[in-house]
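Student: What follows is the residue order along each chain.
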Amino acid sequence: MIWRLKVDTQHNRPSPSKFWNWFNPVGRQTSGWAFMLQRVTALGLTFYLFLHLIILGQLANGPQGYDSFIALVSSPVWIAGELLVVAAAFLHGLNGIRIILTTFGVSVTRQKQLFYILMVLALIIIVIFGIHMFTA
Amino acid sequence: MSANVQSVSTPRSGENSWWYLVKIVTGVLLVVLLGIHLVVNHFIGQHGLLTYADIVAYYQNPIIPIMEICFLAVVVIHALTGLRGILLDLKPSRPILQVMDAVMVIVGVVAVAYGTWLILVIKSRG
Amino acid sequence: MSEKWNIILKVLRQKQGETSHFDEYKMDADPDEYVLDVVERVWAFKDRTVCFRHACHHSTCGACGMRVNDAEKLTCITYIREVTRDGGTLKVEPLRNFPVVSDLVVDMGSLYRRLEAVGARSVLPAPEAEIEKPPSRWSSDDEQYIRLADCIECGLCISACPAAATSSDYLGPAVLAGAQANGLKLNPELLNMVDSEDGVWRCHSAFECTAVCPSFVDPARRIMDLRTQIFKERVGGLFRKA
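Residue numbers (numbering that gives the first Met the number 0), protein chains in the order written: chain D, 0 to 135; chain Z, 0 to 125; chain E, 0 to 241.
Note that these hints are calculated values from the structure, not bench results. Keep in mind that a hint or two might mislead.
Unchecked claim - Derived SDA-like pairs: lysine to any residue, alpha-carbon spacing no greater than 25 Å straight-line:
no.: 1; chain 1: E; residue 1: Lys-14; chain 2: D; residue 2: Arg-109
no.: 2; chain 1: E; residue 1: Lys-90; chain 2: D; residue 2: Arg-109
no.: 3; chain 1: E; residue 1: Lys-231; chain 2: D; residue 2: Leu-50
no.: 4; chain 1: E; residue 1: Lys-231; chain 2: Z; residue 2: Ile-23
no.: 5; chain 1: E; residue 1: Lys-25; chain 2: E; residue 2: Phe-51
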């Protein structure tokens, strides 16, 4: 039996159009997942940073504008979104520490173990934030 | 074929150790500053600074506006140099890279200026 | 009598200008034979048009690198047992990030040219080679001995690297590892080459290269060492000048 794919002999070359391959999880190592996590959170946090700055412009409109905005985003759905940002920040930051350490030759042969330790740490922090944010 | 040989002999210098140094220095600073930012905004009082009055009061401490402006500059630099690193993976042509760099400088300066203005406005309302 | 497994071998087929497709072959395989042996048997008994590269069959020439069930493998030393099971399938594809010449054969010219450009050596004087338990002191007599470099230029690392997928100018793990073995201190030209967009800064620490390397080169560690060397030269250089 034969599967036909719509690709030509050029398909195997490196190309900017293959940016999806950054996020292709097939056959990846733990460290490959770390790379994906770092890149996804980087893009997400950059987007959020500018969104955040624009929204905080509401502060200039005085108490009415800002406090009604806060009332709007106090529903659980918005808080869950906020927790997602907090999670991304800690995952990106703690994995970033691993990348900096390995850059200077520290723990290069133990980078996987270091990744697990830092991710457990991130998870603990995220859970603490989550519990605090969702309980009165 | 010849394109490959050329790319070996003349490496493009869109990124180098100084860009990377900026990224890791701001990255380390962010672990501290963003940590403070998140704790302050979620753990002070009951659930952080949730009302307009709380925020204005918070900014009356003179150290806070200075810290927040530094935080803003560092986070914007880290975000833009990081984004630049990702875009460089897409092998932009030199003219496109120049436009990209110009846009990033403008975005960065505008973001920091706007944020600083906002911080000073909030402080002045105290 | 050796064990016998029934496996389905799926080979990605692709001739110049054609669209690619998988051909399936039902094969009997000994779990303790190698993936390359089974591919070779397809060519010998089932389909003479299957193209693949192979030479030494003992992990020295680096010719038979392929993607086996979505992971880069040097097929001459990859046991069937490691990658599939009795009744299972074995998906064999060409390495990624190199242009396909035919079926499983890719053009690795860019890798070889870059290795040459960074002056990667295929043999080193024994005292310069990285070995597991080096003597505490090399005698001047040892200088006369040379050792083959670990890298067999198989290209698995470049196929596995996520950063190599988008930029054809990226030097890649094997080449950077070759540059590292030369050291940057006395090589300002090499320093400029690797301290660049297409050098060590294209690496984003996915460590996939080290995971697939069949020859213990550990390219990721060498790239990290290059970065440390670069900082020593660039940042340390500022202080030396002052």
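Student: All the hints need checking, so say for each whether the structure fits it.
Tutor: Tested hints:
1. Lys-14/E to Arg-109/D: Distance of about 43 Å is beyond 25 Å: violated.
2. Lys-90/E to Arg-109/D: The given pair, whose Cα atoms are some 31 Å apart, is violated under the 25 Å limit.
3. Lys-231/E to Leu-50/D: violated, 39 Å
4. Lys-231/E to Ile-23/Z: Distance of about 16 Å is within 25 Å: holds.
5. Lys-25/E to Phe-51/E: OK: Lys-25/E and Phe-51/E at ~18 Å, within 25 Å.
When each numbered hint is compared with the structure, violations occur for hints 1, 2 and 3.
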